[in-house]
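Asker: Assemble the complex: chain A is given as a structure, and chains B and C must be docked to it using the hints.
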Amino acid sequence: MISFVTLLDYLGTFAFAISGIRLASMKRFDWFGAYVVGLVTAIGGGTIRDVLLDATPFWMIQPSYLIWTGIALLFVILFSKYLIRLNNTFFMFDTIGLALFVVVGFEKTLSFGFPYWVAVMMGTATGAAGGVIRDILINEEPLIFRKEIYAMACVIGGLVYALFDFMGFDTTFTQIAAAIGVMATRIIAVKYHICLPVLSSDEDIEKASKDK
Amino acid sequence: MISFVTLLDYLGTFAFAISGIRLASMKRFDWFGAYVVGLVTAIGGGTIRDVLLDATPFWMIQPSYLIWTGIALLFVILFSKYLIRLNNTFFMFDTIGLALFVVVGFEKTLSFGFPYWVAVMMGTATGAAGGVIRDILINEEPLIFRKEIYAMACVIGGLVYALFDFMGFDTTFTQIAAAIGVMATRIIAVKYHICLPVLSSDEDIEKASKDK
Amino acid sequence: MISFVTLLDYLGTFAFAISGIRLASMKRFDWFGAYVVGLVTAIGGGTIRDVLLDATPFWMIQPSYLIWTGIALLFVILFSKYLIRLNNTFFMFDTIGLALFVVVGFEKTLSFGFPYWVAVMMGTATGAAGGVIRDILINEEPLIFRKEIYAMACVIGGLVYALFDFMGFDTTFTQIAAAIGVMATRIIAVKYHICLPVLSSDEDIEKASKDK
Numbered sequence: 001m002i003s004f005v006t007l008l009d010y011l012g013t014f015a016f017a018i019s020g021i022r023l024a025s026m027k028r029f030d031w032f033g034a035y036v037v038g039l040v041t042a043i044g045g046g047t048i049r050d051v052l053l054d055a056t057p058f059w060m061i062q063p064s065y066l067i068w069t070g071i072a073l074l075f076v077i078l079f080s081k082y083l084i085r086l087n088n089t090f091f092m093f094d095t096i097g098l099a100l101f102v103v104v105g106f107e108k109t110l111s112f113g114f115p116y117w118v119a120v121m122m123g124t125a126t127g128a129a130g131g132v133i134r135d136i137l138i139n140e141e142p143l144i145f146r147k148e149i150y151a152m153a154c155v156i157g158g159l160v161y162a163l164f165d166f167m168g169f170d171t172t173f174t175q176i177a178a179a180i181g182v183m184a185t186r187i188i189a190v191k192y193h194i195c196l197p198v199l200s201s202d203e204d205i206e207k208a209s210k211d212k
Numbered sequence: 001m002i003s004f005v006t007l008l009d010y011l012g013t014f015a016f017a018i019s020g021i022r023l024a025s026m027k028r029f030d031w032f033g034a035y036v037v038g039l040v041t042a043i044g045g046g047t048i049r050d051v052l053l054d055a056t057p058f059w060m061i062q063p064s065y066l067i068w069t070g071i072a073l074l075f076v077i078l079f080s081k082y083l084i085r086l087n088n089t090f091f092m093f094d095t096i097g098l099a100l101f102v103v104v105g106f107e108k109t110l111s112f113g114f115p116y117w118v119a120v121m122m123g124t125a126t127g128a129a130g131g132v133i134r135d136i137l138i139n140e141e142p143l144i145f146r147k148e149i150y151a152m153a154c155v156i157g158g159l160v161y162a163l164f165d166f167m168g169f170d171t172t173f174t175q176i177a178a179a180i181g182v183m184a185t186r187i188i189a190v191k192y193h194i195c196l197p198v199l200s201s202d203e204d205i206e207k208a209s210k211d212k
Numbered sequence: 001m002i003s004f005v006t007l008l009d010y011l012g013t014f015a016f017a018i019s020g021i022r023l024a025s026m027k028r029f030d031w032f033g034a035y036v037v038g039l040v041t042a043i044g045g046g047t048i049r050d051v052l053l054d055a056t057p058f059w060m061i062q063p064s065y066l067i068w069t070g071i072a073l074l075f076v077i078l079f080s081k082y083l084i085r086l087n088n089t090f091f092m093f094d095t096i097g098l099a100l101f102v103v104v105g106f107e108k109t110l111s112f113g114f115p116y117w118v119a120v121m122m123g124t125a126t127g128a129a130g131g132v133i134r135d136i137l138i139n140e141e142p143l144i145f146r147k148e149i150y151a152m153a154c155v156i157g158g159l160v161y162a163l164f165d166f167m168g169f170d171t172t173f174t175q176i177a178a179a180i181g182v183m184a185t186r187i188i189a190v191k192y193h194i195c196l197p198v199l200s201s202d203e204d205i206e207k208a209s210k211d212k
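Note that the protein sequences, when read in sequence, are chains A, B and C.
1 is the number of the first residue of the first sequence in this note's numbering; add one for each residue after it.
1 is the number of the first residue of the second sequence in this note's numbering; add one for each residue after it.
1 is the number of the first residue of the third sequence in this note's numbering; add one for each residue after it.
So that you can see chain A by itself, here it is in the shape it has in the complex (with noise of 0.2 Å):
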């Protein structure tokens, strides 16, 4: 039998390709370029990670991540018609991948001896680095510099992570609690359509002051 957190890693997997896989199919891409870019957001972010942290990059260990691309790839082809219904899925889908991938990336970080802000930072490039890769490929301004707060959320979690293991929690609790505070951030604030302030540039400035 399978574990619950093998489970979570697959649901997130799922969820991740999808989402890389439609937006490939938005840009025309054959069915390879379509599971190219879902593969990359699924695992980009936990490459990113491995090569920093000089481990085996995850997936090269075990095929799953690769399986899992393949039934998304599937799923699209053949359901393409029912997909923006199950929009509402995806999403929880994706929000606990997200939080799965924080915590996965924040721990292996702490395990090879690095301190609570590298940990912070690895975790949040697992969860929010695939998606870079994924709008980089399909030639797009990186969605998550501008919409939502996605990115935050990862480091709303890692900080979490951060403060309970730093008070001596026990580190189940210690995760539960870090993965929460991801999907919390995240459904409130699109939820309630929050989102970080955007830079005003030197252009605008100017525009403005000669409005005046």
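Check the hints yourself; a few may be wrong.
All copies of an identical chain are treated as equivalent in the list; a pair is satisfied when it fits inside any one copy or across any two copies.
Stated by the list, open to error - Only pairs whose alpha carbons sit at most 27 Å apart, straight line, appear in this in silico DSS-like list of lysine-lysine:
# : residue 1 : residue 2
1 : LYS81     : LYS191
2 : LYS191    : LYS108
3 : LYS108    : LYS27
4 : LYS108    : LYS81
5 : LYS147    : LYS81
6 : LYS27     : LYS81
7 : LYS147    : LYS191
8 : LYS27     : LYS147
Simulated from the structure, these hints should not be mistaken for laboratory data.
Answerer: Then chains B and C, alone, in the frame of chain A:
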């Protein structure tokens, strides 16, 4: 005297670099920019492979890849007028290089103790990822995700290698068979305009249902 | 007390981060996005160098780079109105940082036992690759491939280092000479609008021959 494989390696590097430099020239990059794009096209795939395998990147050990990219730049500067007429020649060089890169990538991955499925991925990355980085650098959607069976030829070559190796064939024979697998797939795909199916997006479906 | 080199490192990090954050603000990225783009501009080149050298990325060992990027973000948020007037100051900081990064990258590569030509490449990557990743993230064609002798200044600084080191000069003297090589090349190139030639593309030539 240099070996036959080294000669093919030079040919492939030259052809990959030419493809990068020509695309860079359409974007009006300067000589340095064109050189970098050419170099990345030639060595990008193998570099990703070596970073993931935790090996020293192959081009850091001997400078021939830098030199051949320099020759390719000089060639484009001097003979840009005649390049279009040489398209078929470049296509052959490029296909030979692709086949060699796939075989080299597959073999190296096996020698690091990874299973066949990782080797298929690394062979494909060695052959096709350089072109993806090239397209990212010139700010275009990666060509291989939409056109021609380019990356699929790498996958097929890798599968041939895995099959023949698994059946216990001689290494040299296996390598030649895999290389022929890559070249035959690509040449047939280009000659008969064989493409992978394109993913239809949610938008298309919405439009189609409105038209009814 | 911090050393002089550390001070230059802070200056350079600050200037590189500012350049990333300002470009991100023109794309209307939010604060988090701007921070990431600023950070990647400052640490991207050195990270690529360290991954290729198989070293632990330098910024994972001490947090000053994250902190200086944070200060740069705060600076842009608070003083965005006055930034244009500071362009010359930033140019000087940026040029000092570039020189330092090239020297540090060159030295580190030599210390890993690689030959001069690898060190020239790594010095250039340390100085110039962060800007390339920045431009990829904001979805623009990399600036250094088309404008100014930016990366070439790194190459020239690296060649100076190699020459002086080969001739047996004192390390400190060699480093200062290389840094001056970078700074002088860049300042002269900007002052006298010196550019590398642009590659003419096949299309231009076709057009030119039609016009006849």
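Asker: All hints, please: hold or fail.
Answerer: Hint check:
| no. | hint | in the structure |
| --- | --- | --- |
| 1 | LYS81 with LYS191 | within (26 Å within a copy, 34 Å between copies) |
| 2 | LYS191 with LYS108 | neither (31 Å within a copy, 49 Å between copies) |
| 3 | LYS108 with LYS27 | neither (35 Å within a copy, 34 Å between copies) |
| 4 | LYS108 with LYS81 | neither (39 Å within a copy, 43 Å between copies) |
| 5 | LYS147 with LYS81 | both (26 Å within a copy, 25 Å between copies) |
| 6 | LYS27 with LYS81 | within (17 Å within a copy, 34 Å between copies) |
| 7 | LYS147 with LYS191 | within (13 Å within a copy, 40 Å between copies) |
| 8 | LYS27 with LYS147 | both (20 Å within a copy, 12 Å between copies) |
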